[in-house]
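There are 2 protein chains.
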Amino acid sequence: MCRFVALILVVILVAPFLPAEEGMWLLTQIDGLGLQERGLAIPIQEIYDPQNPSLTDAVVWLGGCSASFVSPEGLILTNHHCAYSALQRSSTVERNLLHDGFVARTRNEEIPAIGFTASVLDTVEDITAQVLSEVGDLTDPVAHARKLAQVMTSIRDTREGGRTDALVVVANMFEGNQFLLFQFTRYRDVRLVYAPPLSVGKYGGDIDNWMWPRHTGDFTYLRAYMAPDGSGARYDPANIPVRPRRHLRIARTPLTEGDLTFILGFPGRTTRYRCSPCVRHFRDNVYPAVIRDYEERLAAIESATRTSPEGELALASTVSGINNSLKKHLGVVESMHRLALEERREARERALIARLSQPGDREVARKLLDNVRDLYAGRAEPEHRARVLNLLRGSGAGVLPSLAFSIYNTARQREMPEEIRDPEFSERAIERTVERLHLRYYGFFAPADKALLRRALSKIIGLEQLQCRDALLSLIGEGDSSLDAFLDHAYATTQLTSAGAARPLYRLSRRDLDGLDDPFLDLASLLFDDIETARRKEEEFDARINNARRTFLRLLRSANGSSIYPDANSTMRFTFGRVEGYDPRDAVTYRPFTTLRGAAEKATGEVPFDMPEALLDLSSARNFGQWADPVLKDVPIAFTHTCDITGGNSGSAVMNARGELIGLAFDGNYEALISDWEYEAAIQRTISVDIRYVMYITEKLGGATHLLREMGVETR
Amino acid sequence: MCRFVALILVVILVAPFLPAEEGMWLLTQIDGLGLQERGLAIPIQEIYDPQNPSLTDAVVWLGGCSASFVSPEGLILTNHHCAYSALQRSSTVERNLLHDGFVARTRNEEIPAIGFTASVLDTVEDITAQVLSEVGDLTDPVAHARKLAQVMTSIRDTREGGRTDALVVVANMFEGNQFLLFQFTRYRDVRLVYAPPLSVGKYGGDIDNWMWPRHTGDFTYLRAYMAPDGSGARYDPANIPVRPRRHLRIARTPLTEGDLTFILGFPGRTTRYRCSPCVRHFRDNVYPAVIRDYEERLAAIESATRTSPEGELALASTVSGINNSLKKHLGVVESMHRLALEERREARERALIARLSQPGDREVARKLLDNVRDLYAGRAEPEHRARVLNLLRGSGAGVLPSLAFSIYNTARQREMPEEIRDPEFSERAIERTVERLHLRYYGFFAPADKALLRRALSKIIGLEQLQCRDALLSLIGEGDSSLDAFLDHAYATTQLTSAGAARPLYRLSRRDLDGLDDPFLDLASLLFDDIETARRKEEEFDARINNARRTFLRLLRSANGSSIYPDANSTMRFTFGRVEGYDPRDAVTYRPFTTLRGAAEKATGEVPFDMPEALLDLSSARNFGQWADPVLKDVPIAFTHTCDITGGNSGSAVMNARGELIGLAFDGNYEALISDWEYEAAIQRTISVDIRYVMYITEKLGGATHLLREMGVETR
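Residue numbers (our numbering), protein chains in the order written: chain A, 76 to 791; chain B, 76 to 791.
If you are wondering where the hints come from, they were derived from the structure by calculation, not from laboratory data.
Be aware that a few hints might be false.
No copy labels: a pair is met if it fits in one copy or bridges any two.
[Said to hold, decoys possible] Calculated pairs, DSS-like style, for lysine-lysine (alpha carbon to alpha carbon, straight line, at most 30 Å):
1) K525 x K402
2) K612 x K403
3) K677 x K402
4) K677 x K403
5) K442 x K403
All values derive from a computational prediction rather than experimental measurement.
Just need the whole structure built from these sequences, with the hints factored in.
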């Protein structure tokens, strides 16, 4: 008894002295993290080994999400919300896979996950020297930024060599201080295998989103297929399942509080090294404006889809995405105030200056901060302008107007000399856009599109010094009724109503496009100069601010050595932690596991707490099969741990000390919404669905025992 | 180290085997509760001793609230919300004691707590035999109920003997199976001594009400005065402080989780022995109707006071009370569903029948339950009628109409022979009504009164088979504008605009009142027959249902012996428990202490989270004086424990194992709102303000160190 107690005391006394589990580490940095001391039970080379198969080979990149192989036959586990758009695209109001879930009882029943690719990392190379030498010494920030973009694109294109199943990512680390080249094999035939119903996969919906305690069964199975020759071909019935170099094994020992966890995945974007003036600017300007924009777009969509199940389904993914971002942005602003993040950053900047050993560096740092402050002053106006005009570049103004602008912009950019062309319009990039063009139509519903365009045009017409003002007014008229007439006419006569009709237009010249007399292309033509002017101004600002950031990161690294990790940029990262709850506020403790019983307690019968009857019955009968936790005496649904993740990590495999699959990361917690800016060890948690719940649902609700067998799980 | 651990283990292993801490026990039952085994460090006689001074002598009854003496000179501690109406009554828009708080630096600065009396229990007697013999054998339930009421009133009046400082309560225990006589000395000169500002005393407001974690400094000091001869006289500058037989000492050892706690106070009303048909009826009929009524009244008041600080102040106490009840009722209905309380009660009834040893008793029980079921069938209509008409009897129809009805009703009841007169209209009761008449005017604000009366009249006119329908229509006219005209005229011409004018009317006969030609008295006269008819029907129902309940309790007691306690009925009760948090839902643990830091974290600067700047400063400077807890390293604000309380217990002293004052009970938790119906050991908690926060605020924010000295607390 006493020895046991002593052991606990040792853990309690020792654990706090290990550094916090912050960090989205590069694969080459894993070695220095002291993982063995923290309980890792496998060699580091088991995790990442450039020469031999390792766990990184089981990791799959889905673009916006992460995933992993869980069988030798290409079976993939990711989040339900990652496969959401695939489920939506294959759904109709009558046969709603999103709502009802989907199970393929045989390989033949698996259906294409439309628009999905599964990329597997083959190699990583440090190409910093090559990039820097090719860019050369350019003192003008804009010229430097353009040259850098061209060099990176050219290296990428060269290495991809036009192979459709090759994906090369040249990634800029530490704000331009290091360049890594990631080479992937891209499997383009991905199929849906099993998804639980929405009432499991999105249980709790937007109410519970970002929240702990959580009871969401956020998982879906996909399968990657390849051509019989092993290449990543498009969908073909003759394709065969991918045979990964490595796949993950399902953990069969109970997970408990304090257990080591780690994640390999593709975190999207963090901004942890931004300076204090940037924090202030985002807190006071950018985010409040973005929040308003989201709210207005949601309102427009809601009013246009309220009475149409078809419209609701078409916009489901869009609405889900906006809601998710909205909640996040609200939380970030709140936390920036609560944590006094600006002041923290000021303190960090003072500390950095004090730590720099060269007096020259200190001077550089001081000037740099002044420069950043100057750059942000007066940003509100041009940013507002760019945000409004960019509604046409993104899809904030509806799908068809945005497609029209993309087509027209392609023609215009192609006319320009490379020095001033938008770097995002390389021929390779245009090719990818055209390839994915049809996906945009899944989110198209004319009334919603109209509502979004109506709002966008009202905002654009309100901009000062709009070059196209008169022309625009003569196109859309003045007042609501003439605007409505324009919209009705435009949606009735446009030729862009299908991907098949739109695709060939990417090959046309400006003159050809003008000749088509399409209302949306006319609108694009009319707005082009304003939009392009704004884009160039933004490009110039970005070049200047990035220049300052590069210097800042150089100084920070010179003061901190190897102890810092680069901001997330959708490249593969490693993060580790422990299973642990947290104290969200005074007198409240969140424990690290939720249970099936907790899900049943939340059930109201109404969306999003419309737990399936069959699952309620399983719960009340305590029919847990082999998936109950011995301590909880119930099926664990989700758990919290201290891994450091962000968007893009969704779907990532969470592994235990033995490298076995214990869950899928699917969210961060509300209290740490600010995590992209700042890691708060006491409250930042990754929320993951417990692999035991994944197995439980797959077996007991889905009846997909064949998948369990495929994963090597004995079913009793 | 090991011994310490062993001790903890013993506690952990032993504690769960003691029965749950349910029960509002009679003073005579304390002996059988095994308190010594639970850690009580004083003899039971220290708590209650009929012969010698004991802790019960330090307990004060304020009518709706409990309180206790904390100094030898009559200083009383109770809840801020208990003294709320006294603070309101002495406030003006310019000098708002409710908002700003109040401190009397000397005895001379203490001001009358208008309408407050402090009653101290002198003796308790079991008078069951006397009551039963005087009532005799009456088989008709209505005759029995009337006779019982007359007997109880007569015993009370005889024992009070007309002394104004005597208060006798004849209490019906176990639904008429036992009668106890409680004799009090009633001190009628109570003064305000110290109240924190609203932003401490009601911090968190209606948002946090019923909620844990809680940060409310819910306390106020009063002082009871007596005539120099020791009698409980009215306010007089010549009065002297009461010298209680016993007062409580402030605990000076830190309170910690698991510590024994107990409470002596006056819980108001519970319904823990009600049968299943009653649960169903309240859940489906009574509570939903009451909730609607509250919501409509709040809306009416809100619209009438929105723009008037004066009106807001006048209605503050009323609104606070309705909000409190509304939240509670909503929670009760929710919990009745969640806990399936009806089914639980059915199970209890089946178990009771199985446990009864006499077959005759089993038959009685079965018939009784059938009878109760029949009684509740068809209750919806008469109850609705009574509820609407009773708006005039309570103050749901505004202050003046209700006063007019009280005056007119008094005259009418006096005309009646005792056998059919409303038992609430004994001469002694009328006297008390007149004595407290002036207090009703503090809650009077004409526009709110009008809004409430307008709503009540619309509801009354909507009743079917209203005898006075034609007369009422000819008084108030048809349609909104004529109703408004009537209201304007009535409030402009009524004579009831002050207590001075209203008081003498209680002596007038019906004919005299008719002669006054007052619009509200006319309204009362017109509605009287309908209201009196409804009252008699309710009286009849009550008599029948109470008859059944009496039998049910007799059976329950015969099956359970001394292990049950009577439902709360505003008599002094003892309850004990332990300091303990709880798990409100899956994966969430509430810890039992909140802290000053937690209060500061909630602060927004806006009501109800407008924490005083001075207190925020004290918190951020960690200026805790002697009041920090050694474990929390902060000033504890509130704590949860397992004592079993209800409304009326508010203000009760919470004591530790040594009988020292550790806090004041002020609320129950949201998860256990159903506690009046059912005690749920796992989640029912009493929320108490920690005495250390009381002392801290008194000393550091209020600067009232003289009070600390008076309580024997050394100030450093």
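Hints, verified against the model:
For a Cα distance limit of 30 Å, the shortest separation of K525 from K402 inside one copy, 25 Å, qualifies, whereas the shortest one across copies, 44 Å, does not. Taking identical chains as interchangeable, the C-alpha atoms of K612 and K403 lie at most 30 Å apart only when both belong to the same chain, with a minimum of 28 Å there against 59 Å between chains. Proximity of K677 and K402 under a CA criterion of 30 Å is satisfied in both settings, with 21 Å inside one chain copy and 20 Å between copies. Taking the shortest alpha-carbon separations for K677 and K403, both the intra-copy value of 23 Å and the inter-copy value of 21 Å come in at or below 30 Å.
For the homomeric pair K442 and K403, neither the shortest alpha-carbon distance inside one copy (33 Å) nor that between copies (61 Å) is at most 30 Å.
The structure does not agree with numbered hint 5 stated previously, though it agrees with all others.
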